[in-house]
Amino acid sequence: MSEYYVHPKALVETERIGAGTRIWAFCHVMSGVTVGRNCNIGDHSFVEEGVSIADNVTIKNGNCIWKGVQLKEGVFVGPRVFFTNDLYPRSGRMASVGPRYDDESWLEATVVGRGASLGAGSVIIAGNTIGEYAMVAAGAVVTHDVAPYALMLGNPARARGWVCRCGLKLFFDEGSAMCGTCGSRYRLDGGSVVYLG
Amino acid sequence: MSEYYVHPKALVETERIGAGTRIWAFCHVMSGVTVGRNCNIGDHSFVEEGVSIADNVTIKNGNCIWKGVQLKEGVFVGPRVFFTNDLYPRSGRMASVGPRYDDESWLEATVVGRGASLGAGSVIIAGNTIGEYAMVAAGAVVTHDVAPYALMLGNPARARGWVCRCGLKLFFDEGSAMCGTCGSRYRLDGGSVVYLG
Amino acid sequence: MSEYYVHPKALVETERIGAGTRIWAFCHVMSGVTVGRNCNIGDHSFVEEGVSIADNVTIKNGNCIWKGVQLKEGVFVGPRVFFTNDLYPRSGRMASVGPRYDDESWLEATVVGRGASLGAGSVIIAGNTIGEYAMVAAGAVVTHDVAPYALMLGNPARARGWVCRCGLKLFFDEGSAMCGTCGSRYRLDGGSVVYLG
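Chains as they are written, first to last, in numbering that gives the first Met the number 0: chain A, 0 to 196; chain B, 0 to 196; chain C, 0 to 196.
If you're looking for bench data, these hints aren't it; they were derived computationally from the structure. Hints should not be assumed to be uniformly reliable.
Computed footprint of chain C on chain B; a stretch qualifies when at least three of its residues, placed anywhere within it, have a C-beta under 8 angstroms from a C-beta of chain C [unchecked claim]:
1. 68-82
2. 90-101
3. 156-165
Nothing here was measured: the structure is a model prediction, and the numbers come from that model. Quick reminder that beta carbons are idealized off the backbone N, C-alpha and C, glycines included.
If we strip away everything but chain A, and leave its shape as in the complex, we get (with noise of 0.2 angstroms):
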């Protein structure tokens, strides 16, 4: 017995959706998606047939969330996020493209991590995983595997730091981190972040 909000201008297709999530004005989210506990599914956003969010989830306005991409636990998506699914699109309805969309072999799949955090209008390249807790800036092109905790800036996105769990960047000395705002401690070990607690 699920209590979920959605607004009257919705159109809401599934009924697997968790209790106090809510799911704001003009979104469509499509029959055979699930979605979690807790999460906020702004204005304007589409999520696919087939997709599955998990529990606390932000998705902020103007998001489409293909089929392909999973969203784990904690995820923060601001405002009109770019996912994709297919790494050479082309119009299906084209002869020349043959039978490339017979079946489904042309989806990629994108996994964002844990409490990780995709900045307004970041461009996320199919075929990659972003880490948990990793922080992708608003506008930045990620087109490839990101770490967990890592900073990315730019297009194509580098990586240039590493954010606490809580968000606030972090500075390692001696391999060692305290977010100077939460306390949580971090090691730096071979490029690989840590959390200590």
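Guided by the hints, dock chains B and C onto chain A, whose structure is given.
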């Protein structure tokens, strides 16, 4: 006696729509628009008065097709591509812009050639022509004309290779290429790609 | 006794709207918003609670105007510009973000000065001011304050010239420029553009 589909949540103000075309939820297609046969226009798209769209065109979600934009047969417009039609936009409501918007001399055209693909969130500066079967990568910003079959990347977009009519990358050896996927053959002739069949 | 137009497919929850303003299909303007006179808000736009928009502003389609964004008189917001108001966004539903979203200390303002233009798909990082009559090119990513009359290009955006109040490019000769289109005159004084009339 055209047979096409309009989603009940769409607003379509023209009847000049070809057979087999589908227009999805929360779209707004204005009066004075012509849409060809067998097209698909995704949710939350807008097509402005005066636009003419050819057959077999795929328009993904959230697009705005402005007056001045020409989409030829079989074009693929990825999610929320940015078309433009004014190189020096101002709020026409300001006295300081004077008579600039009294007529349509400000309006710059964009032509997207047969079978070309525009990736998610790419930006197409008005006044340019995208050659047939070209592919603009997601997030690229096109600031000049694009050659047929060219693959364009980055901001500003640069040509970084060639693609087949089916969408896959071409590799030329002594001026000749055969697509490893569909078998089409091409010749590179003075910097231009020629389709051989 | 204000006279303004709201399209029947729009959702407008405020009555603080100036005379002559038009709000188009599938827009959502929240309660607590103030919109000035003679504005135009294109289809599929969203204006968040608490926003105040001045007179003569043009907002093209698909925009999200968040709390914290100030649009001064005569601003032009191109199609789907990316405003932001949180420099370190996280899903506030995650326990690990702690008390960050308990108050509004996370909220960063953006000010867009009188007569400025923001091109299609440009990204405006919060905490910055766009000077009056500046022009941000389509696809540019603004990461710092922008000088009045500056033309900004690229990711990150750099100043690449100056523009007239009417929108056209200015060419300075020994510190003086006259717009070839509208005849306005300017002086370049210590790196700043001064309007002479």
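Quick rundown of the hints versus the structure:
Against chain C, the region 68-82 of chain B contributes 3 residues with a C-beta closer than 8 angstroms to a partner C-beta. That satisfies the three-residue criterion, and the hint holds. Check on the region 90-101 of chain B: 8 of its residues sit with their Cβ under 8 angstroms from a Cβ of chain C, so the three-residue criterion for coverage holds. With a cut-off of 8 angstroms between beta carbons, the region 156-165 of chain B has 0 residues touching chain C; three or more are needed, and the interface restraint is violated.
In the structure shown, a violation is registered for the earlier hint numbered 3 alone.
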